Amino acid sequence: MPLELVEPIAPESPEKEYLWTLNFGPQHPATHTTLRLILTLDGETVVKAVPDIGFLHSGFEKLGEDLNYNQYVTIVDRMNYISPVANEIAWHHVVEKLLGIEITPRCKYLRTIFAELMRIHDHLLNVGAAALDLGAFTAFLYAFYQRELIYDICETASGQRFHPSYTRVGGLMYDVNESFVDKVRAFVKGFPKTHADVTRLLNRNRIFIDRMKDIGVLSKEAAINKSCTGPIARASGVVRDLRKDEPYLAYKDFDFKVICATGGDSLARYLVRMEEMLESLKIIHQAIENLPGGSVNVDSNSKVVLPDQFSTYRSIESLIQHFEIIMPNRGFPAPVDEVYGAIESPSGELGFYIVSDGTERAYRARTRPPSFIHFAIFPDLIVGHQISDIVVVLGSLNIIAAELDR
Amino acid sequence: MKHEDIVAHLKSRFGADGFATSEFRDNRRIIAQPSNLFAVLASLRGECGFDSLIDITAVDYLYYPNAKDRFGVVYALLDSVSGERIYVKTYLNEPELAVRSACSLWQGADWMEREVYDMYGIVFEGHPDLRRILMPEEFTAFPLRKDYPLRGRGERHNFPVLTRAEG
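As you go down the protein sequences, you meet chains A and B in turn. Read left to right, the first sequence gives residues 1 to 406 (the numbering used here). Read left to right, the second sequence gives residues 407 to 573 (the numbering used here).
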């Protein structure tokens, strides 16, 4: 089927000839990722912005139809690579919802710890990079030191720093060891100081505040109407957080607040993220101190987890189960139906829509990517602002191109 | 509005055979006809308080067991005040791969509909700017359809080749 282009953009009328067009990206240091904007400018004021995306499109959803429920986790953590484990938790949360599996308390707590570590991880990069773009380099370095500590925690748990692929259907790749607990405790102890440093460096920085304030204002009605979720919606006054509204994992057990603001501008989004980090830290602290014992994987009778090495070698039932899961065209007893599930990822509602045909792989694995939906509102936020405000608004929306294009 | 009230309201608007319902886990679905899909969505938006569109996606049921229709289009809706969710689904078959665009109901539908068009070739009538969004504009196929192979087909010769002099 040939492509039918809609009407080309009409040439501007003669009296608008002074407008000029500027191409921003796809390779530009301030986009941080690969995306392109075609800007129409009146002097330095943006009259119109047309995003052009797809530079990193690599067919993740097509791959999701080819890899089984465990294998695809290596692909989802490459979507939002700033907070990889949050994507893995989202994927397996939905797969477990499809299969009807209730994970063990220890696994719930560990996944909660990881989800919140990833929230800090993501917000630190977002805040740090936004500060970097506005010339506050020190805060960026402070933020990145703490991100390194989180990478170390990922490495301790899974052996991989950047793409841990740590979750599995019905549990985790491995249980954690004492060293993990120590590192998380050390992080919980050390992070508030960095947070205070960054807060002092940025909140009293006149240039930073003046450039963020009243830039890219998103009203509450627009946030709801344009499908915004997560910190961006909460900064516009939408009191909604899936951790409270549709509690999953172990969030019911913890005491934390949902951070909201009413400004709706880039500064409000920055402030919401800063405060959310402290709430996440509270959750991690409560979870690591009350970490339940027991197994991280569900009972092996559920036929979804690999039996441990000892029983695989010593009992015929476990050997058969191991074989069933490892061999292609066997695997998970999935119902023939479809389900949507979502978690509160650092940048918003990260959902998956899985259509299952009863085999061990998804028939359709749709991602609801928050970056994609948040980038769609960018043209409305930037119109009327200066060209130098583009980096401010882009930074406050937290666009990750790998998730944007998948 | 509770789910039972929503279904009762839709029954009074569209009759008992205007739509079907189904349920799986916590997902409660309304299965509408392509002809009254927009009216169902408008009713949910205007009268039942579903003020946020969470997602639009499509499924190609070509090799699905016991499937009668080729494509399904799914709308995930959310009431941002009560937190109630509902999923509206419709089935489409070739050659009538078109539904009315939901952009007039939710502005967030813009890019989601473009992506469904890009990946499946389902046309959203009345969409303000229905162009490909992820794939390049020269692309002719719809890659998430099930008859499109994983390894791809015909992409390379469809891309214009730029020589060094032109570039």
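The set of hints was computed from the structure by calculation and includes no laboratory data. Keep in mind it's a predicted model, so treat the numbers as computed, not measured. You may find that some hints are simply not true.
Quick list of the computed label-pair ranges, beta carbon to beta carbon [stated by the list, open to error]:
| id | chain 1 | residue 1 | chain 2 | residue 2 | range |
| --- | --- | --- | --- | --- | --- |
| 1 | B | LEU568 | A | PRO192 | 38 to 44 Å |
| 2 | A | GLU324 | B | LEU568 | 49 to 55 Å |
| 3 | B | LYS552 | A | PRO379 | 32 to 38 Å |
| 4 | B | PHE430 | A | VAL239 | 24 to 30 Å |
Glycine included, every Cβ here is placed at the ideal spot set by N, Cα and C.
Assuming the hint says 49 to 55 Å, is it satisfied by the Cβ distance from GLU324(A) to LEU568(B) or not? For LEU568(B) against GLU324(A), whose Cβ atoms are near 51 Å apart, the range 49 to 55 Å holds.
Range first: 38 to 44 Å. Now tell me if the beta carbons of LEU568(B) and PRO192(A) are that far apart. 53 Å, violated
Can you let me know if the beta-carbon spacing of PHE430(B) and VAL239(A) is within 24 to 30 Å? This hint holds: roughly 29 Å between Cβ atoms.
32 to 38 Å as the expected CB spacing between PRO379(A) and LYS552(B), which holds or is violated: Holds: the Cβ-Cβ distance is about 34 Å, inside 32 to 38 Å.
Going down the numbered hints, you'll see the structure goes against just number 1.
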